[in-house]
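Spelled out from the first residue to the last, the chains are:
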Amino acid sequence: MSPDPDQAQAVQQPGGNLYAPITMTIAESRDETYDVRTLRLQFLVEAERAAFFEKYRVGMFGLYGVPGAGESAFCIASPPTQDQYIECTFRKAGRVTTALCDREVGQAITFRGPYGNFFPIEEWKGKNIVFIAGGIALPPIRAVIWNILDRRDEFGRLTIVYGARTVADLVYKHELQQWQKRSDVKLILTVDPGGETDDWKGEIGFVPMVLEKAAPSAENTVAVVCGPPIMIKFTLLPLKQLNFPDSRAYTTLENRMKCGVGKCGRCNVGSLYVCKDGPVFTIEQLKNLPQGDL
Amino acid sequence: MDVDRLRQDAAAVLADGRARMVIGFRDRAGDRVPAFITDAEQAGELLYDEACRQNPAAYLKKAELKRFRPVAIVARPAVMRSLVLLAAEAQVADEDVLVLGVSDDDAYHGILDLAATAALLNEKYAEIPHDPDLVKRIEEISAMTPEERSGFWTEQFARCTRCYACRAACPMCYCTQCIVEKNVPQWISTAAAGHGNYAWNIIRAFHLAGRCTECGACEAACPLGIPLMLLNVVLARDVQEEFGVKVGYDAEAEPVIGSWSPDDGEDFIR
Amino acid sequence: MTQAEAKSTESAEAFEPRIVAFVCNWCTYAGADLTGTSRIQYAANVRIIKLPCTGRIDPLFILKAFEGGADAVLVSGCHPGDCHYTSGNYHARRRWTLFRNLLDFTGIDPRRLFFSWVSAAEGQKFADLINDITGTVREAGPFDPTNPARRQPWT
Amino acid sequence: MKLIDANKLTALAAALARAGYRVVAPIEDSGVVRLKEWAEGAAIRTDAVPVNSAKDFLFPPSEIIGRWDLDGDDFTAKEVEPDAPKTVLLAVRPCDAAALALLDTVFNWDYKDDFYNARRQAVTVVPMVCTAADEQCFCTSVGGAPDATAGADAMLRPADGGTRFILEPMTDKGNALLDAAGSALAEGEAAADPPVEIARRFDVEAVTEWLSRNFESDLWPALSLACLGCGACAYACPTCHCFDIQDEATRRESVRLKNWDSCGFGLFTLHAGGHNPRPDQTARWRNRVMHKFSYIPERFKLLGCTGCGRCARVCGAGMSMSEVCRLIADETKKAPTHES
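Those protein sequence lines, which keep their order, are chains R, Z, C and L. Heads up, the first sequence is in my numbering, so the first residue is 1 and it goes up one at a time. Heads up, the second sequence is in my numbering, so the first residue is 1001 and it goes up one at a time. Heads up, the third sequence is in my numbering, so the first residue is 2001 and it goes up one at a time. Heads up, the fourth sequence is in my numbering, so the first residue is 3001 and it goes up one at a time.
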């Protein structure tokens, strides 16, 4: 696959430090679960905000950092329709995410991006969409969901199947409630067997089984699947049984990244750079990649 | 050395199933490179001479090779000591490994299990002197002023690119995550320069204190020729002089660091 | 400690040694406490870092102290036989024996690395020790900023 | 033509240093010949292939790409300028220069890395035609040659039986270098020595073709048996360009570093969640071979290997890229393969 000169042209700032992030401040900080945090980040410079939203489409990712701790790549969890801030949601796992968690409202972090490709939602206009997500993989899908809800009239039926190991592991609980109440969204929540609480009203079972049971129609519908590799693997079967063509099912790959800009060489799957050619792939593309690299 | 007997024994242990793989050495255009023999008919490739400086016991830590156990290892005395030490540290079990005993003094010791290996070491190689060239060099460096010593090591460590070939080559460096990769907190600077290089090389040596059998594989693997064996031998000498321990002779021995004696010296403690 | 802070000690006449002391909670820290409550004066050059036991003192701590700007490091704990955890100090003693020689061999002057046993009752010993090693380090001068153990400025 | 006696290379280095060049040349250091900054008194060793490659001076092992002043929880970004002194890479090898095409591409194919570019622009590349080779050399198997001029600003050609060198400019930078050398070079005539002959060891097209079909193959475990997973080969390689980004900090300052990294290391691809797409050395070594002979050719229409043989020379475990390629090429001859 050859480089896309147009994209290179659009995003390159000539003569700059490619790795220099901008500084943003934390406007809001929310605990989603015991170890998952959402930060709302505000731009300090209008030109930076404008430049960001000129490029940003749902599915792209950024590098969030704290000087002294480092930077980490994760998705942008807010939609471009909310164009005054960006949100990110991450699990506290290592040095950078711990440093990010230690930051308080009003304090600054660094940001680079947006990078990577995006979900082609303009092509989805008039179509129904089925979202399938597991655990901490809801954030990239959440950006798409809000983007579509903010432009609700342009799209067909929305179905969301979201599961986590336990009730405590479900992220965006207040938004799940909002979606639950809306008549124009069908939300199916599930937790793994044993992860339910006494007052749990959702499904109990793994995401692929719940999807099979919900059996959304594949007609005029695209599917978006995000989750751990094992969930994606087992979701492919029900998708196939429901007649979703691989070319209309999308996912994101969350490979380890450092540079985010196609240099550092660690996110490759075969000859593709996930940071440049992804992170959004169709299942059709995914199946043609060397499976041992996933 | 009787290379034919080595080849016959290698073929024999493969043929009768005592080993699934023999790890030794072969020739490649004058270089000595490791040989992984699984078929008795290929045992003729094996050879051994003084140019075989790699420590094949390092392959015991390689996950992909675990399915070839029991494995027979062409081992010179320093490598035999590594194996005994690995057994002492519970990294290999008696049934995992066989030794095809070779040595640089042309002796061939045949097929040995770990117990026989330890017995051989105690009988024939109980008094392996430290490399006299290294000892001489250590004396020279010790005679320098602290400033000269630090100058010498600054120059040596400046070449380090942090490729960690030293770590990979060492059978005793089997941690699944090395201290240099721990980043909460970042104990050792990741930059291939200055204090990070110093800390890495010092801590690498120190984590092998009382565990190094002076096989020399780390220094042989260093692309930049950093004299790592000077550090290892200083530690090995002190272990022997201060605690009276020679490592790699007893598969039941407690680790040097990790055990203690009320009689340990403490001249330097106020 | 940072590069900038370390630099302030470099001019010879104003040199005030910066000594980092890693001490165990049960003996030396209590001893240092006794020094204070007994109102025994001692040099103010020492920064005490309390750890549960000398057995917890990883050689990396010592390297980190030198890296960050210490002119000398003191490690101190319970006398042999007195360890709160039975044998932590015996374990530590073995490590120090080897590590001290290794540092000496790689160019860290042994006049910058001290070890002692100070019990909870030895308030006076602690004061004398600190005064003595402060004098030794004062004599030895600031730790060479080009020593490979010292954090080098980023270039 | 411009000539210099073989034993006067240091005079050339001195003249260039006086003219403001940082001179990088093969120099023996503690028993190892490596490319390093030349200083007065150091002999230039043209008789051994240096263990490191010219990449070190374009893409250094550690480089600062960000810098902040810290004050408690606050930080202030500071400008970072690439450290790019005017440099001549003197008596490097054609296989070093051949790697520049790939490095140029990787650091510019989409986003542009100005740290690399600043150094690249400041470098004048003067490879020496090889009149000797060792068992590890295989440039001719990957489209190179001992007298290849790709990437060179000037060529140093051994002449008159190795007694002198012809310095032949190829670019404006090369001409500027000749001007700067001034009287260190003499005008005269000399007969260039023939380059060494290096036999072709494998058919690289067969290798690339096999790789395109054999991500899954029983051959991989066998090919990677000896690898112990260090970064020596990647760090010695003139084209390997993978890096890590790490922060280092004191209480008052932090820097963001771009450090060399290698796909041979187990942590290279380890996800924060614990999943590792390349969980063993077999997968890692496969990626290394694939990257050089399949992915890079597919993506950039270049080979990721210049046949310098440094990886094999430095490997403590006897791994050899040319041997692996030969075994792969043999495989294509051996078995009538069926499409998978």
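The set of hints was computed from the structure by calculation and includes no laboratory data. All values reported here derive from a predicted model rather than from experimental measurement. A hint or two may mislead.
Here are the computed lysine-lysine pairs in the DSSO-like style, where the Cα-Cα straight-line distance is at most 30 Å [stated by the list, open to error]: (1) R:Lys55 with L:Lys3078; (2) L:Lys3036 with R:Lys92; (3) R:Lys287 with R:Lys201; (4) C:Lys2050 with Z:Lys1182; (5) R:Lys92 with C:Lys2125; (6) Z:Lys1182 with R:Lys92.
Query - Hinted pair Lys3036 (chain L) and Lys92 (chain R), Cα distance within 30 Å - result: 43 Å, violated
**Report entry** Agreement of Lys287 (chain R) and Lys201 (chain R) with the hint, judged by alpha carbon distance not exceeding 30 Å
**Finding:** Distance of about 36 Å is beyond 30 Å: violated.
Query raised in the report: Between Lys1182 (chain Z) and Lys92 (chain R), is the straight-line Cα distance small enough, at 30 Å or below?
Result: Roughly 16 Å between the alpha carbons, so the hint for Lys1182 (chain Z) and Lys92 (chain R) holds.
Query raised in the report: Is it true that the CA of Lys2050 (chain C) sits at most 30 Å from the CA of Lys1182 (chain Z)?
Result: 23 Å, holds
Report task. Decide if the proposed pair is consistent with the structure: Lys55 (chain R) and Lys3078 (chain L), CA atoms, cutoff 30 Å inclusive. Result -> Holds - the C-alpha atoms of Lys3078 (chain L) and Lys55 (chain R) are around 26 Å apart, at most 30 Å.
Query raised in the report: Within 30 Å, alpha carbon to alpha carbon, are Lys92 (chain R) and Lys2125 (chain C)?
Result: Judged against 30 Å, a Cα distance of about 46 Å means the pair is violated.
Against the hints set out earlier in the document, violations occur for numbers 2, 3, 5.
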